[in-house]
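Enquirer: Please construct the entire structure, taking both the sequences and the accompanying hints into account.
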Amino acid sequence: MNESTNGAPLIALHNIRKQYPAVLAVDDVSLSVRAGEIHAVLGENGAGKSTLMKIIYGAVLPDAGRIEWNGSPVTITSPGEARELGIAMVFQHFSLFESINVVENMALALPGKYDLKALAARITEVSQRYGLPLNPWRSVHELSVGERQRVEIVRCLLLSPKLLIMDEPTSVLTPQAVDQLFETLRTLAAEGTAIVYISHKLDEIRRLCHRATVLRGGRFIAEVDPRVETERRLAELMIGREFPETQRHAQAYGPVALEVMALSVPGDGPFGTALDRITLRLHAGQILGIAGISGNGQAELLAALTGELPPDDAQSIWLNGQPVGRMGASARRKLGLVNVPEERLGRGAVPPMSLTQNALLTSYRQGLVYRGLIDNDATTAYADNCIREFDVRCGGNTAAAQSLSGGNLQKYIVGRELRQAPKVMIVAQPTWGVDVAASALIRQQLIDLAARGVAVLVISEDLGEILEVCNQVAVIAGGKLSPVRDVSATNAQEIGTWMSGLFPQDEPAPVVRAA
Amino acid sequence: MIESLNPLLASAIAAAIPLILAALGELVVERSGVLNLGLEGMMLIGALASFVAVAHGGGLAASVIAAMAAGAMIALVFGFVTLTLQANQVAAGLSLTILGTGISAFLGRQYVGFRAPASFADLPIPGLSELPLLGPSLFSMNLLGYATIALLGGVAWFLYRTRAGLALRCIGESPVVARSLGLPVIPVRYAAVAFGGAMAGLAGCYYAVAQFKMWQEGLTSGNGWIALALVVFATWRPLRVGIGALLFGGVSALGLYLQAINVQVSVFALSSLPYLATIIVLAFISSNQNAIRRNAPASLGKAFHADG
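One line per chain: the protein sequences are V and L, in this order.
First residue of the first sequence? That's 0 in numbering that gives the first Met the number 0, and the numbers climb one at a time after it.
First residue of the second sequence? That's 0 in numbering that gives the first Met the number 0, and the numbers climb one at a time after it.
These aren't lab readings, by the way, just hints derived from the structure by calculation.
Any given hint could be a false lead.
[Unchecked claim] What follows is a set of in silico ranges between Cβ atoms, one per label pair, in the way DEER data are often shown: (1) V:Gln401 x L:Gly58: 21 to 31 angstroms; (2) V:Gln18 x L:Ala302: 17 to 27 angstroms; (3) L:Gly153 x V:Gln127: 47 to 57 angstroms; (4) L:Arg162 x V:Gly394: 38 to 48 angstroms; (5) L:Arg162 x V:Gly70: 51 to 61 angstroms; (6) V:Glu141 x L:Val175: 58 to 68 angstroms; (7) V:Asn134 x L:Val175: 20 to 30 angstroms; (8) V:Gly79 x L:Gly126: 44 to 54 angstroms.
We put the beta carbon where it would ideally sit given N, CA and C, even for glycine.
Expert: What follows is the structure, encoded as structure tokens:
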């Protein structure tokens, strides 16, 4: 394999600077990547990774600085020009159209004659050569997240790129799919393709990448060899201070707080997944994680549990010994069930409303409303308390929810729900799009919450997170729930296999020990 | 018995053709993600332009060109306001209808009561027009009628069989993704809006120069709104637009037919029948959320900020 520490760079960025109206996104950053090298760009949200990649890909123009391609200066003013040079990018949020099939998606991005049959043959050939099996005629909306990513990668490979940029490619993949992706990337690098790999998953970077550039607050911090650094050291370079470690508490469980019995609901919409006899039991003080790739029934399960779309059978959901299946969200909240939804903007908070107004949305029972009128002083005080206790960085209680970063808004929403003294808390993707330091804080809060006797249900695609936070774990796949395992009695490999639907189906639901 | 159905079918088709033209144009516009509620206004402006061209001796070709050019031009004003200035599409579309209604009424005052010196005549296809049942209606349309059938097939072919059509549908689904692939979002939407205007103009031309053969204020009588509803009713599929328009035309024709044979029902009830039928069918179709979601352009009516 190409050791790729020598040789002239394929692309070199010198002293790049990009100023946005409110923020200096990239400040005097230099970066060079050689052919055959896998180069990591590491940094928290807002470190400038995305802006830097958009500059390479021609989607954003830098205010200052030079770019050299194969030693000669270039200006890249559009994604089209970047593609002509041989730069391809796999986006974190897939740039695929759901309603059309794989080959049509690819035809759109490729020059040349519009001949779908010939293109399909090429797709099959390339996908087999790199071990990325694909059926070109399937509709994108039928594909799993891993398959969609394959579509993205194969689409890039059809352009025979010299430089491939991957933006957080593994955030939604099973461990097996990650291994397969890494194999493909190593093959590509060995063939001489330069790869820029953006991630905040430090273990992956250490396994895969030859060099790493660390950014923080838009500035270049260090260039290191990730293969010889520890994860801890990389994390500290990234966040600029010591990395907090999650503290677990030894604990016993209380009585059953939430019980789901043979819950079946139809899929939501044409691309939804029907739930098939979901049964689970959650005790006070317990954290149960539900792993699984999104689109396997998580949305339906959440809607049924929170009361957004109550199931037909009142007996299928029990809250503290009371059947609540037919109750709406508000009635369930009154009984102590709160939730932090996956979509923070839109479900968790109203984007253009201020933090104070957003506090009122779910916490109005906490003495914020007096005889049908809003008590503005109490509401403001409530919002201020959330902001202070949960270290929410924002422009005060009048800031619009949409002006906060993902992590800060999540902290605010978690804080708002926690202050309602819940008995059961359902959290979906608690740290999705949240940077490392804020993630650690949110995870610690969930653990502390359970220690205070709250039953916590975590639905997450991030297996590492579930294994770190939860006591028990189950997997949802194709609308069915796997058996529940103690986290200490399983591992990422087993759960990863289960995530593809291969779990024992007929095992009776295990009895969880009670205090 | 079959012979007595002939006038019924013929008038059903005559009522359907302008609806198909306008709805096809709007379908392409909406598939690109733009909602233009100004259909009625563009039709009226096209109708007036075609009538003026004919009235001043320009002939039928000039009337078609004038109608399409006027429709496209007023649509491009809408395009500038919504695509370049990124104004709200609903408000801009409604304003376009009010503007078109006003302008056509104002500039058309001197033509009220005028008869068109030339008009589109029926062109029966020898042989085919002798066929029982459909022959006298389907194969003895005027030139605009045959053109409508060709446009129906052409739009379906364009949307589902060409790269440009694919690009247009994708821009309507997600302009952000389309832009990241380097597709020209705003130019394609401009082109779609202009096409929609030209088709609406052509529909207006049909009313003025083929159907009524004279000018009167508001001669499209709300059919722009029906065409708009048809697009949704047809779940954004071109061939279903054809079927929907025929259904509406059929119910309209049936109402007139029942009046003609002196059925004792209120005239007002009969003339509201097609609207009622359209609403019922529309509500029925809309209750199938899956059909809507699978075909509806996901970004319909949302402004797109190119640097977002």
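Enquirer: Quick check on a hinted range of 51 to 61 angstroms for Arg162 of chain L and Gly70 of chain V, using CB atoms only.
Expert: Violated: the Cβ-Cβ distance is about 36 angstroms, outside 51 to 61 angstroms.
Enquirer: Can you let me know if the beta-carbon spacing of Gln18 of chain V and Ala302 of chain L is within 17 to 27 angstroms?
Expert: The hinted range 17 to 27 angstroms holds for Gln18 of chain V and Ala302 of chain L, with Cβ atoms some 26 angstroms apart.
Enquirer: Does the Cβ pair Arg162 of chain L, Gly394 of chain V satisfy 38 to 48 angstroms?
Expert: Holds - the Cβ-Cβ distance for Arg162 of chain L and Gly394 of chain V, about 47 angstroms, lies within 38 to 48 angstroms.
Enquirer: How does the Cβ-Cβ distance of Gly79 of chain V and Gly126 of chain L compare with 44 to 54 angstroms: does it lie in that range?
Expert: At roughly 53 angstroms between Cβ atoms, Gly126 of chain L and Gly79 of chain V fall inside 44 to 54 angstroms, so the hint holds.
Enquirer: So does Asn134 of chain V sit 20 to 30 angstroms from Val175 of chain L, Cβ to Cβ?
Expert: Hint holds: Cβ distance 26 angstroms, inside 20 to 30 angstroms.
Enquirer: Between Glu141 of chain V and Val175 of chain L, is the Cβ distance one that fits in 58 to 68 angstroms?
Expert: For Glu141 of chain V and Val175 of chain L the Cβ distance comes to about 22 angstroms; the hint is violated.
Enquirer: Is 47 to 57 angstroms a correct range for the gap between the Cβ atoms of Gly153 of chain L and Gln127 of chain V?
Expert: violated, 38 angstroms
Enquirer: Using the C-beta atoms of Gln401 of chain V and Gly58 of chain L, is the stated range 21 to 31 angstroms upheld?
Expert: For Gly58 of chain L against Gln401 of chain V, whose Cβ atoms are near 58 angstroms apart, the range 21 to 31 angstroms is violated.
The structure fails hints 1, 3, 5, 6 (numbered hints given earlier, in ascending order).
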